[in-house]
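Line order of the protein sequences matches chains A and B.
Quick note on numbering: our numbering labels position 115 of the first sequence as 115, and the sequence is numbered without any gaps.
Quick note on numbering: our numbering labels position 19 of the second sequence as 223, and the sequence is numbered without any gaps.
Some hints here could point you the wrong way.
Quick list of simulated restraints, FRET-style, between CB atoms [claimed, not checked]:
| hint | chain 1 | residue 1 | chain 2 | residue 2 | range |
| --- | --- | --- | --- | --- | --- |
| 1 | A | A90 | B | R387 | 23 to 33 Å |
| 2 | B | V292 | A | D155 | 41 to 51 Å |
| 3 | A | E104 | B | T334 | 54 to 64 Å |
| 4 | A | E156 | B | T334 | 50 to 60 Å |
| 5 | A | D72 | B | P206 | 24 to 34 Å |
Some chain B residues judged to face chain A by a derived CB distance under 8 Å, without partners named [unchecked claim]:
| hint | residue |
| --- | --- |
| 6 | V373 |
| 7 | L374 |
| 8 | P376 |
| 9 | G378 |
| 10 | P393 |
| 11 | S396 |
Keep in mind that the hints were calculated from the coordinates and are not lab data.
Glycine included, C-beta positions come from ideal geometry on N, C-alpha and C.
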Amino acid sequence: MPGSSEEAAFLRGEVGVDGAPVEEARDEAEIQKTKALESLERNRTWLGREWLTWLLWRSNSTAPLTTFDGLDLHVIFVGPVVLQGLAGEATELRAKGYQSAYAEVVREALTRGLLVHRATLRLMLDEQVYEVTVEAEQSVLRSARLPQVLSEDDDEALAERLMLVDRLGSLVDALWEAFADVREDAVWHRREVPGLRAWMTGAE
Amino acid sequence: MPLLGGPVSLYRYRVLEARARSPRAVTQAFQDDAFVPLDRESGELDRASGWVALHDPDVRLTPSLVFLGDDAVVSWRVDEARVPPALVRAELKAWRASFEEAKGRPPTRREASEEKELRLRQLRKQAFVTSKTYDVRWRMDVDELQIWAVSSRILEEIAVALEEDLGLVLRPLGPGARWADGRSAEISPTPSLFGAEVSSAGIQ
């Protein structure tokens, strides 16, 4: 009579009725591909990657990406950018350097299905400038730089700092909403995706 | 205290449920799981954690210390007595040699395990204790919670403490969750962005 672990392995399809493995161990490439797919599915990470990739394309123009409190919100990608996905053997690409996100090598990787997973954004709202690293999967504001706190009193300075943090969160939210409005609409497939693809391939 | 100054790195969550909301109840909940320092004399534990005030980790929590306007702000303090594993191994190696010489046989597993625990307790009494605090801000007016940390282990630990102490049910504010929050349209990955492999995987 088979043991419980052997029976469980049989039910999972890992071993046959004779207890022998039904297939050879999966090769490394298959394991990496499975991990990349799981990462893409987790928490709808693919949607976050579409968002950041769309932002990269739109930020290539000098036009404001959206508005916040009636003011134009401009975005530029600065610092390193991490792309993830499936492109043959590669599941991740890191590009370093000031504005490396706009480099030709990055755009070429985008055409192969590696989309933006993590990036550092500079957000400019009127005279205020913020910098923050964002990710496709989770709502993290990482290594953020805020505008200078002007209050000198400790309590007022803390309140002002927290107000700036909240403002930064709201700006990132505004960028998400701008994307979500487009993503939900028919223009996503009719206008945005063709435009994005044209920019990736240099046909724009 | 990153909330008070320095680089900003934080995760944001939506508060879906809360057992306590009044200043008195919230303060009491934090007070009930307040930080208690390690008992250096016994050496039994190598880690202690609990809630402390944002401005001063050594004072008792009161509503005036916990609340900043509408926000509840506290810190999660973690103290650890770190004993270098190499030191434990060296001490046990020396003990094993003297044991074999005295008794003419190697120690049993039980004897070795008891000796290891004894040595660990002694070494913990002399160990250097590291102390770290991670800030937590609950914006009660908008039901947003911020954990000012980036380590996944700490984020998980704090989320569990918040659930146990305050009955907080949290949902990460990542792109996937945001879509589920406010958008009704069913969407799937854009095939021409991710490539055929992903679209045929049927990710929803």
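Do the hints match the structure? See the list:
A beta carbon spacing of about 32 Å between A90 (chain A) and R387 (chain B) agrees with the range 23 to 33 Å that was offered as a hint. In this structure the hint that V292 (chain B) and D155 (chain A) lie 41 to 51 Å apart at CB holds, the actual value being about 47 Å. Checked against the given bound of 54 to 64 Å, the beta carbons of E104 (chain A) and T334 (chain B), roughly 46 Å apart, lie outside it. Our hint of 50 to 60 Å for E156 (chain A) and T334 (chain B) is violated, since their Cβ atoms are close to 33 Å apart.
Under the hint 24 to 34 Å, the C-beta atoms of D72 (chain A) and P206 (chain B), about 30 Å apart, fit the expected range. Interface restraint check for V373 (chain B): the shortest CB-CB distance to chain A comes to about 16 Å, outside 8 Å, so the restraint is violated. The interface hint given for L374 (chain B) is violated, since its Cβ lies 11 Å from the closest Cβ of chain A, which is over the 8 Å cut-off. Interface restraint check: P376 (chain B) against chain A, minimum CB-CB distance 6 Å, threshold 8 Å, status holds.
For G378 (chain B), the interface hint holds, the least distance from its beta-carbon to any beta-carbon of chain A being 5 Å, beneath 8 Å. Checking P393 (chain B) against chain A: minimum C-beta separation of about 5 Å stays under 8 Å; hint holds. A distance limit of 8 Å between C-beta atoms decides the matter here; for S396 (chain B) the minimum to chain A is near 6 Å, and the interface restraint holds.
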